[in-house]
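K.L.:
Chain by chain, the residues run as shown.
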Amino acid sequence: MADVKKIATRESYGNALAECGADFPNLVVLDADLAGATKTGVFQKAFPDRHVDCGIAECNMTGIAAGLATCGKIPFISSFAMFAAGRNFEQVRNSIGYPHLNVKIGATHAGITVGEDGATHQCNEDVALMRTVPGMTVVVPSDDVEAKAAVRAAIEFEGPVYLRFGRAAVPVINDRPDYKFELGKGVLLREGSDVTIIASGITVASALEAAQMLEADGISAEVINIHTIKPLDEELVVASAKKTGKVVTAEEHSVIGGLGSAVCDCLCAQCPTPVLKIGMQDVFGESGPAGALVEKYGLDGKGIYESVKGFVK
Amino acid sequence: MNKLELQKTANEVRKGIVTAVHGAKAGHPGGSLSAADLFTYLYFEEMNVDPKDPKKADRDRFVLSKGHTAPGLYSTLANRGYFPVEDLPTLRHLGSYLQGHPCMQETPGVDMSSGSLGQGISAAVGMALAAKMDNKDYRVYTLLGDGEIQEGQVWEASMFAGHRKLDNLVVIVDNNGLQIDGKVDDVCSPYPIDKKFEAFNFHVINIDGNDFDQIDAAFKEARATKGMPTAIICKTVKGKGVSFMENSAGWHGKAPNDEEYAVAMADLTKIGEELGGAN
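If you read the sequences in order, they're chains A and B.
In terms of my numbering, the first sequence has 274 at position 274, counting the first letter as 1, and numbering is strictly consecutive.
Positions in the second sequence are counted from 1; adding 1000 to them yields my numbering.
Treat the hints as calculated values from the structure; they're not laboratory data.
Be careful, since some hints might not be right.
Claimed, not checked - Only pairs whose alpha carbons sit at most 20 Å apart, straight line, appear in this in silico SDA-like list of lysine to any residue:
(1) A:Lys313 - A:Glu215
(2) B:Lys1132 - A:Leu27
(3) B:Lys1132 - A:Gly21
(4) B:Lys1055 - A:Glu209
(5) B:Lys1165 - A:Leu267
(6) B:Lys1165 - A:Glu215
(7) B:Lys1056 - A:Gly192
(8) B:Lys1196 - B:Asp1186
(9) B:Lys1165 - A:Gly55
(10) B:Lys1136 - A:Leu27
(11) A:Lys242 - A:Leu267
(12) A:Lys6 - A:Leu267
(13) A:Lys230 - A:Arg152
(14) B:Lys1055 - B:Tyr1082
(15) B:Lys1136 - A:Gly72
(16) B:Lys1226 - B:Asp1186
(17) B:Lys1136 - A:Lys230
(18) B:Lys1165 - B:Thr1225
(19) B:Lys1136 - A:Leu267
Stated by the list, open to error - To be clear about the criterion: a stretch of chain B counts as covered by chain A if any three or more of its residues have a C-beta under 8 Å from a C-beta of chain A, and this derived list gives those stretches:
(20) 1096-1106
(21) 1179-1188
(22) 1266-1274
Built from N, CA and C at the ideal position, the CB exists for glycine as well.
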């Protein structure tokens, strides 16, 4: 895949905000001293009056966004996932979730692809935390195209939305004329009959690679991209589980509480199916290049291929 | 309203507080009573609000950052005409629109849900910022407890408000001196409160928060202050107006039983009579 275009979804986030700025005069972007890293600097440059740097104070930023939303603004708070969802959990729950305010949370640098900064900054728990907030929509885009579409959809949607973006450049996989993004709708990327691989974020590209490798071994894998983890596209998940009888989830996140858990919650109630959860197996990450970490923790194409192969045997 | 009318109204607000907490068999009377004069002044004198149109776009906003004193806010809103005073005893009951802590989706007149300490002030700062962004002249008020300012987020919000020169924001600290575990200066002293806000680039006014002359002068001074937010540090008596609740940490979060309720209402009725009866 060397010739495939690669863009980090945090870049897509900043670019999408800048592109939407003119269409949505109430859009306001807040940062906590990370505008350079979250890539909202592009928006800041284009709309300086609607960018608010709150300094290194994420909890206050969250409350400010809540206050802005009560006055009709559409605020995006931007920070690393570790702080946007982790440090901030109770502010998100009580100041945004409970009053169901129209605040969007743009969380960048999620998961282990933060790389060299190491475990303190590699948030593998954010999806789990955000899923538990009643009324929260949780979106994990897989590439540049999807990330930009998700930002626009979040602006157009009334209510709190958590958007998860990555630091590292990832292949553009959705660049096709018929691509359509709809909150809450999963995307069937590849049909198969032996096993279903459900992925989100960076593991979608890995899952597609794995499916190709499995095909060579005579295993037909269906691949589903779940960009919206909450609300989950239960219809699509159940239909595929019924068809293949085996489900693998793959996510750059803890296997506790994220995509895998969401899929299991759905299947155990509607269509009990054996599920293998690929992800961070209840461990912290570590420093290293993003690519090497993805490989080490089995989230690349080869890693998913090997896990699926062992599971379907 | 003149001073006497404000005093009489505040006494009615206090009766509502005691009645609500008694009806709930739980809740926070002490800090509601200490702030009753402040609530009354805000809603009957200071703020541009309309009970018939609680969400009017350019209204002044109030955030009860010390959200546990919801009985104080609810009684004030009820006496101001947002909803019937008769509903106050439904406080904290299953199905009531008067939740244990303020809920903006349930209760007319509540501008922000609050209760987790330290968070309300940030929302108030956001509202003040929105007014500045939109060149609107509405003002934003937020009431904090003196124990609450132990929360770090209060100082994050204050740093931002000072930095952004939000002169449409008034932070009111109810310095009743007591928190759940005892005296604030025994638990973890927030003093000097005024110097702290000064250091965060606020205009600071120290007053007796149970004296309407001083309250009136302070809010007028805040309105005239340009280029910086104002903090009004209010010395108050926790449990003010109810003999056995005054200056008692034990009445921070406890409801009176039937006998205690009768005594409390008798205390407040006597104060009302001394003020010359109803408005």
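K.L.:
Please flag the earlier hints that this structure goes against, numbers listed from lowest up.
P.N.:
4, 5, 6, 7, 12, 16, 17, 19, 21, 22
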